[in-house]
Amino acid sequence: MQVIPVTAVHRGFGTTSRRDAWWATPLAVFVGLSAFVGYATWAAFQGDHYTYGPYLSPFYSPELFGDSPHAWFGPKPAAWPAWLPFSPALLILPFPGLFRFTCYYYRGAYYKAFWADPPSCAVGEPRKSYRGEHSFPLILQNAHRFFMWVAIVFIAFLVYDVWLALWFTNPVSGAREFGVGVGSIVLAVNVGLLACYTWGCHVLRHVVGGRLDELSKSPACAMAYACVSGLNGRHQLFAWCSLFSVMSSDLYVRLCSMGVLTDLRLL
Amino acid sequence: MQATFRIWRSKAGEAGRFADYPTEVSEGMVVLDAVHQIQADQAPDLACRWNCKAGKCGSCSAEVNGRPKLMCMTRLNTLDLAQPVTIEPMRAFPNIRDLVTDVSWNFQVKTGIRKFRPRAADAADGTWRMSQRDADRVQEFRKCIECFLCQDVCHVLRDHDKHEAFIGPRFFAYTAALEMHPLDADDRLGDLKEHHGIGYCNITKCCTKVCPEHIHITDNAIIPLKERVVDRFYDPVTRLLRMFR
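Top line first, the protein sequences correspond to chains D and Z.
Under our numbering, residues 1 to 267 are what the first sequence spells out, in order.
Under our numbering, residues 1 to 245 are what the second sequence spells out, in order.
In isolation and in its complexed conformation, chain D is listed as follows (with noise of 0.2 angstroms):
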């Protein structure tokens, strides 16, 4: 059916009869990701002052291989190209930054915010064109599902990191002792808030529960279903304070590797 809006007046760049701040929204999202963004990459081709005592950077984690204590598999492979730059971080990035750039939340907020389709609801747009996430390339944003089970397997590791972040080396007598520094409590945060960012996935979601018309013939799917859910409908928020906290956390164990913050043992 011919559909011709009369009130195309409105059309174009940014156009629109709206009054508020429409602009505060997107324009808070593009510098909070390009933040993010800068700052990831560069301390991902750092390469240096990613741990401190047990403490490990949650961009470095988990340590394939590196020269830290942390590492798996030991230093750098003897195969790796010398033209190539080589910082641990960079085997482990791509995934958690595939699986937010693919995320159901970040996809409409970047949309917005970087690409202005639209800049805001029932604001004008800079181009025509538009084909969405219905051919390539953005239908690639449909591989979401499996970031997502990286990103649940991250999870587990951040977990273990925690546990190591709470055995200290007595430099006295060198055996390791339980404590609790103020490292150990912002590594223990960032996971948490990355957990609930994570489990709160729609996709996790859809897997758990959402894909069946009868949830209640499966008492399990629907219990998980319920937490998802739960989770799901703070995703946004999650989404925004795992970002913060995992930057923080990297932050944190860098600038106590540097020295420039002495970190509290609390026990």
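Think of the hints as simulated: they come from the structure by calculation, not from any bench.
Treat each hint with caution, since some may be false.
Per the computed footprint, the stretches of chain D lying under chain Z, defined by three or more beta-carbons under 8 angstroms from a beta-carbon of chain Z, are [to be verified]:
| id | region |
| --- | --- |
| 1 | 106–116 |
| 2 | 206–219 |
If we take Cβ atoms under 8 angstroms as the criterion, some of the chain Z residues that face chain D in the derived model are [stated by the list, open to error]:
| id | residue |
| --- | --- |
| 3 | 88 |
| 4 | 131 |
| 5 | 133 |
| 6 | 155 |
| 7 | 159 |
| 8 | 180 |
| 9 | 181 |
| 10 | 194 |
| 11 | 204 |
| 12 | 228 |
| 13 | 230 |
| 14 | 234 |
Just so it is clear, CB atoms sit at the ideal spot from N, CA and C, and this is done for glycine as well.
We have chain D already, so just place chain Z on it with the hints.
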């Protein structure tokens, strides 16, 4: 107190324009009250569709200060009356006259969605059994009053005119109510992918924000349907698993 309302005036086949109407307003008034007052005092030919004045019929959809809203549910004390309040018809649909739009496209779209088809009866007396919990899940979508504000704000229809290829958030919610129904046996996933354009949705959540019934259209209808489509057509693992079932 006096406020000015800048209302879109148009006739079929003519270019429209805004006209300013200063009028007295008082405590408790909504935008629709002001429009009725202007109709009574200044512009008896002003066309405006309305019915229940209670936010339940979905007739008085319009754009107030650029935001899709029900006029009967928009209180004047939520607006800045120091400036003229703009009232426009919904932009995603053809304008008939003034604030009235032709939303018949939506009813045509609805006819293209496979209807409810229950499975074989559960009991010998021809009745079915279903859990209240399962019925509750789709009940949310049945709150829809078909005001079509979600269709109006959706940029796929509003800015990109994909009316031929995309059914819009209202009908994804309608499809979700059928597809997730515990008794329904029909399959709409192929239609969603091929004919209803679910892939065009890019999760702006504008539809959810404007819904006067607070239906979580994006999170509870569109994304779950997208995931079912991914299961069926894009995920090689689930396709492989289906071969062994």
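Cross-check of the supplied hints:
1. 106–116: holds (count 4)
2. 206–219: Contact hint for the region 206–219 of chain D vs chain Z: holds, 8 residues under 8 angstroms.
3. 88: Status holds, d = 6 angstroms.
4. 131: Given a least distance of 4 angstroms, the restraint on residue 131 of chain Z holds.
5. 133: This interface hint holds because 5 angstroms falls under the 8 angstroms limit.
6. 155: Because about 4 angstroms separates residue 155 of chain Z from the closest Cβ in chain D, which is inside the 8 angstroms limit, the hint holds.
7. 159: 5 angstroms, holds
8. 180: Where the cut-off is 8 angstroms and the nearest Cβ of chain D is about 6 angstroms from residue 180 of chain Z, the hint holds.
9. 181: Where the cut-off is 8 angstroms and the nearest Cβ of chain D is about 7 angstroms from residue 181 of chain Z, the hint holds.
10. 194: 10 angstroms, violated
11. 204: 5 angstroms, holds
12. 228: For residue 228 of chain Z, the interface hint holds, since the closest Cβ of chain D sits about 7 angstroms away, which is under 8 angstroms.
13. 230: It holds, given that the least Cβ distance between residue 230 of chain Z and chain D is near 5 angstroms, below 8 angstroms.
14. 234: Check passed: Cβ of residue 234 of chain Z comes within 5 angstroms of chain D, closer than 8 angstroms.
Hint compliance for this structure: hint 10 alone is broken.
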